[in-house]
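Chemist: As a plain string of letters, each chain reads:
Protein chains: 2
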Amino acid sequence: MTDVMSVLGKIGRRVDAEMLKLLKVGAAKDFHEVVFHQVKAGGKRLRPAMTLSFCEAAGGSQKDALSAAAAIELIHNYSLILDDIIDDADVRRNLPTTWKKFGLSFGILASTHYREAIEEGVLRSPNPIAMSKLVADAIRDIVEGERLDVLFEQVEHGVEYVDKHRYEKVTIKDYEKMIGKKTAALIRAACEAGVVCAGGSDKLRRAAREFGWKGGLSFQMADDMLDLFAEAEKLGKQVGKDIYEHKLGNIVILYSLELLSKTDREFLLKVLRAKKPRDRDVVKVIEMLRGCGATERVQKRAKKLVDEAKRALDKFPNKEATKLLADLVDFTYKRSF
Amino acid sequence: MTDVMSVLGKIGRRVDAEMLKLLKVGAAKDFHEVVFHQVKAGGKRLRPAMTLSFCEAAGGSQKDALSAAAAIELIHNYSLILDDIIDDADVRRNLPTTWKKFGLSFGILASTHYREAIEEGVLRSPNPIAMSKLVADAIRDIVEGERLDVLFEQVEHGVEYVDKHRYEKVTIKDYEKMIGKKTAALIRAACEAGVVCAGGSDKLRRAAREFGWKGGLSFQMADDMLDLFAEAEKLGKQVGKDIYEHKLGNIVILYSLELLSKTDREFLLKVLRAKKPRDRDVVKVIEMLRGCGATERVQKRAKKLVDEAKRALDKFPNKEATKLLADLVDFTYKRSF
Chain V
1 MTDVMSVLGK
11 IGRRVDAEML
21 KLLKVGAAKD
31 FHEVVFHQVK
41 AGGKRLRPAM
51 TLSFCEAAGG
61 SQKDALSAAA
71 AIELIHNYSL
81 ILDDIIDDAD
91 VRRNLPTTWK
101 KFGLSFGILA
111 STHYREAIEE
121 GVLRSPNPIA
131 MSKLVADAIR
141 DIVEGERLDV
151 LFEQVEHGVE
161 YVDKHRYEKV
171 TIKDYEKMIG
181 KKTAALIRAA
191 CEAGVVCAGG
201 SDKLRRAARE
211 FGWKGGLSFQ
221 MADDMLDLFA
231 EAEKLGKQVG
241 KDIYEHKLGN
251 IVILYSLELL
261 SKTDREFLLK
271 VLRAKKPRDR
281 DVVKVIEMLR
291 GCGATERVQK
301 RAKKLVDEAK
311 RALDKFPNKE
321 ATKLLADLVD
331 FTYKRSF
Chain H
1 MTDVMSVLGK
11 IGRRVDAEML
21 KLLKVGAAKD
31 FHEVVFHQVK
41 AGGKRLRPAM
51 TLSFCEAAGG
61 SQKDALSAAA
71 AIELIHNYSL
81 ILDDIIDDAD
91 VRRNLPTTWK
101 KFGLSFGILA
111 STHYREAIEE
121 GVLRSPNPIA
131 MSKLVADAIR
141 DIVEGERLDV
151 LFEQVEHGVE
161 YVDKHRYEKV
171 TIKDYEKMIG
181 KKTAALIRAA
191 CEAGVVCAGG
201 SDKLRRAARE
211 FGWKGGLSFQ
221 MADDMLDLFA
231 EAEKLGKQVG
241 KDIYEHKLGN
251 IVILYSLELL
261 SKTDREFLLK
271 VLRAKKPRDR
281 DVVKVIEMLR
291 GCGATERVQK
301 RAKKLVDEAK
311 RALDKFPNKE
321 ATKLLADLVD
331 FTYKRSF
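Protein chains in written order, with the numbering used here: chain V, 1 to 337; chain H, 1 to 337.
Next up, chain V with everything else stripped away, as it sits in the complex:
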């Protein structure tokens, strides 16, 4: 297997430089530290690695897709800045979040600037009109996914609209719709963007979308696992954040609701619905979730998605690039199972 971390590191350095270049356009010097903060906090750069690899897989070269790859990673970072405001989150990647460090006003201004840095990347890509459509669709999907994620929260918001539309129950189908929009849509766009930059056929675009969609769903399931079971330091944020944030939209929690005894299920829901859950209750809930058989179900579901994603790679001519893509999707799956 490829040394995925070292490949990602190499790609990351090129993508990071390109992102900073795009963020600099039209930003006053005094504003740099605000807009650079989120990107400089780091990240795996998985999405741009997929864009660059799909460009190669479809017969292009990485440099054709660099601006598009940076735009895709900027979308991810744009969504994180906004997410942290919406979730009232103080820490990400062991650093204060943008809004926490610079205040709400500047958090919002930074995110607004990000969207135009994304546009700059779109305009510098080989097929700006196709890229623009991909980007707009992906961001609208993220908004809808985030909307559902908020509505799945098990807590009164005190806002009429939100409380009226809240979900009391969430099915696995609701959940897959939510993570499809929130997470898989952008990974799908990352993959398709690579083919677009290579000038690849519609058939290859569809195959890349298939890979991104299935890989994206399994990625979010792995992320749900990490949220609950990772070590705090490795995670770079609070463990059990989903529980503290009253989120029913976590696959482990949803499967557990089917598997736990009535008493345990009621305890889980009580903790999820508590205004301020006690730390020791969250720890207890996490132990329950770990032991009830839900993680094995999640693993099985995610593994199936990963296998289906990898089959979509058969259609591509460049076997070296597709090998890396298969390793990438395995990597995202294995980091939590």
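Source of the hints: derived by calculation from the structure; they are not laboratory data.
Keep in mind that the hints are not guaranteed to be accurate.
A pair holds if it fits inside one copy or across any two, identical chains being indistinguishable in the list.
Said to hold, decoys possible - Simulated pairs of lysine to aspartate or glutamate, DMTMM-like, Cα-Cα distance not exceeding 20 angstroms:
1) Lys173 x Asp30
2) Lys237 x Glu176
3) Lys101 x Asp88
4) Lys24 x Asp137
5) Lys304 x Asp327
6) Lys100 x Glu156
7) Lys100 x Asp88
8) Lys169 x Asp30
9) Lys303 x Asp279
10) Lys29 x Asp137
Start from chain V and add chain H according to the hints.
Modeler: Then chain H, alone, in the frame of chain V:
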């Protein structure tokens, strides 16, 4: 003189329908009331009227520019949703603001969706790449203008970055930079977009930019007057909002600081810097501002800009359309002087 209000009303109906169409793309049915709220609150639709008129002035027809005009007006509304969050504003056009009605999370999600509705309008315009550049530049300028506006506020934010970069003094040059970015840049883009949709020459694009820039500066000066001296009901929001929000970035206030006696100047600054200024002190300040000769200076400055803007129209062949544009810029000037 043209009946400007009736012309704006007619244009407004077409632009409003187009904006709703763009906002509907990719929005779940349950999300419609959230994203429609800001646009349905109304507005003069001055910017799209300029886009449509410049398209005609440069030899095109209004329908060529309808999507672009809607995109421009959506930028304005996008900035208002964000502005209201940043300024913690509850009421606009006699209605609750989007974030106030739907909560902060949904206010942010709505604004994020607006940006993609703008992109949709860009993509449907006759020259999407040129439009995309215009739009990205304009939004980055608005962010920078808003950044300066916040930094001009005469109050501690309790955020290290903001308090470090705050302006203790604001010159007229600082002020014009701020309103140039915050207000004039979008009006300039609205005008240039019309010429772009008509496929007009670079010379005409430059002339439209000149008109939009000067007209935009005078427009903001008129707006500064209205903030302080309009009737509350007509204004649709609180009178003296700039004072309550500690804003030094108002031309009337800046000129007054030069004209008032030392005692009055100190009183003005004290009220601007008060955490929660008393209503009767704000009323007293407004009376001082009205009587000190500042408004006459503002009027003279704005009149000069309006005259220069109108001269830029000489370069256009279609005299009927340019007549309307001249009336529009006069209208924005006269509504407050």
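Chemist: For every hint, state whether the structure bears it out.
Modeler: How the hints compare with the structure:
Taking the shortest Cα distances, Lys173 and Asp30 sit within 20 angstroms of each other only across copies (18 angstroms), while inside one copy they are farther apart (46 angstroms). Taking the closest pair of Cα atoms, Lys237 and Glu176 never come within 20 angstroms of each other, the shortest separation being 24 angstroms inside a single copy and 43 angstroms across copies. In this assembly of identical chains, Lys101 and Asp88 lie within 20 angstroms of each other by CA distance both inside one copy and across copies; the values are 12 angstroms within and 19 angstroms between. Proximity of Lys24 to Asp137 under the C-alpha cut-off of 20 angstroms is restricted to the inter-copy arrangement: shortest distance 13 angstroms between copies versus 25 angstroms within a copy.
In this homomeric assembly, Lys304 and Asp327 come within 20 angstroms of each other (Cα to Cα) only inside a single copy, at 15 angstroms, whereas the closest approach across copies is 66 angstroms. Only between protomers do Lys100 and Glu156 lie at most 20 angstroms apart by alpha-carbon distance; the minimum there is 16 angstroms, versus 24 angstroms within a single protomer. With identical chains, the CA atoms of Lys100 and Asp88 are at most 20 angstroms apart both within one copy (9 angstroms) and between copies (17 angstroms). For a Cα distance limit of 20 angstroms, the shortest separation of Lys169 from Asp30 across copies, 17 angstroms, qualifies, whereas the shortest one inside one copy, 47 angstroms, does not.
Within a single copy, Lys303 and Asp279 get their C-alpha atoms no closer than 32 angstroms, and across copies no closer than 64 angstroms, so neither meets the 20 angstroms cut-off. In this homomeric assembly, Lys29 and Asp137 come within 20 angstroms of each other (Cα to Cα) only across copies, at 16 angstroms, whereas the closest approach inside a single copy is 32 angstroms.
Violated hints, in rising order: 2 and 9; the structure is consistent with all others.
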